[in-house]
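Going down the list, the protein sequences come from chains U and L.
Here the numbering used here runs 305 ahead of the position in the first sequence, where the first position is 1.
Here the numbering used here runs 384 ahead of the position in the second sequence, where the first position is 1.
Hints should not be assumed to be uniformly reliable.
Said to hold, decoys possible - Capping the alpha-carbon separation at 27 angstroms, the derived lysine-lysine pairs in DSSO-like fashion look like this:
(1) L:393 x L:455
(2) L:484 x U:356
(3) L:441 x L:467
(4) L:441 x L:454
(5) L:455 x L:484
(6) L:484 x U:375
Rather than coming from a laboratory, the hints here were simulated on the basis of the structure.
As the structure is a computational prediction, the values presented were derived from the model and not from experiment.
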Amino acid sequence: GQQLNQSPQSMFIQEGEDVSMNCTSSSIFNTWLWYKQDPGEGPVLLIALYKAGELTSNGRLTAQFGITRKDSFLNISASIPSDVGIYFCAGPNYGQNFVFGPGTRLSVLP
Amino acid sequence: DGGITQSPKYLFRKEGQNVTLSCEQNLNHDAMYWYRQDPGQGLRLIYYSQIVNDFQKGDIAEGYSVSREKKESFPLTVTSAQKNPTAFYLCASRPGVLEKLFFGSGTQLSVL
Chain U
306 GQQLNQSPQS MFIQEGEDVS MNCTSSSIFN TWLWYKQDPG EGPVLLIALY KAGELTSNGR
366 LTAQFGITRK DSFLNISASI PSDVGIYFCA GPNYGQNFVF GPGTRLSVLP
Chain L
385 DGGITQSPKY LFRKEGQNVT LSCEQNLNHD AMYWYRQDPG QGLRLIYYSQ IVNDFQKGDI
445 AEGYSVSREK KESFPLTVTS AQKNPTAFYL CASRPGVLEK LFFGSGTQLS VL
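Construct the entire structure; sequences and hints are all you get.
Written out as structure tokens, the structure reads:
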């Protein structure tokens, strides 16, 4: 089946720094979803992308749909402590379900 | 408030016991899903249902069963055949084809 890869696996940054992470696939996707998960909670949808080249922002978060349709990027500007968590990308799998990447674990140091 | 409610938040299973995790949504979403998450890992699909009285196996359906008798409810039973049930279980729903997926707050299942 389709698989997604995310990098980096984990990252430690200072508060105030900008963050970049990406998600790649061996096959083409027509939708990319980005989620954040806090410990012990369900993932919360951050941004949805539907067109190649699309750039969408949600506050300090910006995500882009790669023009090859095989990748997507998420940037967080001026990180704050509450940005800590796991960030997942997801895309529609064959049929009616979604495939998820393994996640990028973000830690923010004060 | 509209949303997806999972209960209980924490559940303990004894050897040889079946347990059922509840998932209810009042969003009028057509499709519902169950995912399993192990520590430090991504989400793996157990079962999904697109309409009432119909459901399909996901990637790791063995040892699990579901039912979809009502649009708003999609309970998951972890049977005694699931030998490694300890995990965080997430229920999700989606309003239509290629629409966004929304999650409940999860149930942590542990084995006594």
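query: Which of the numbered hints are not met once you compare them with the structure shown?
result: none
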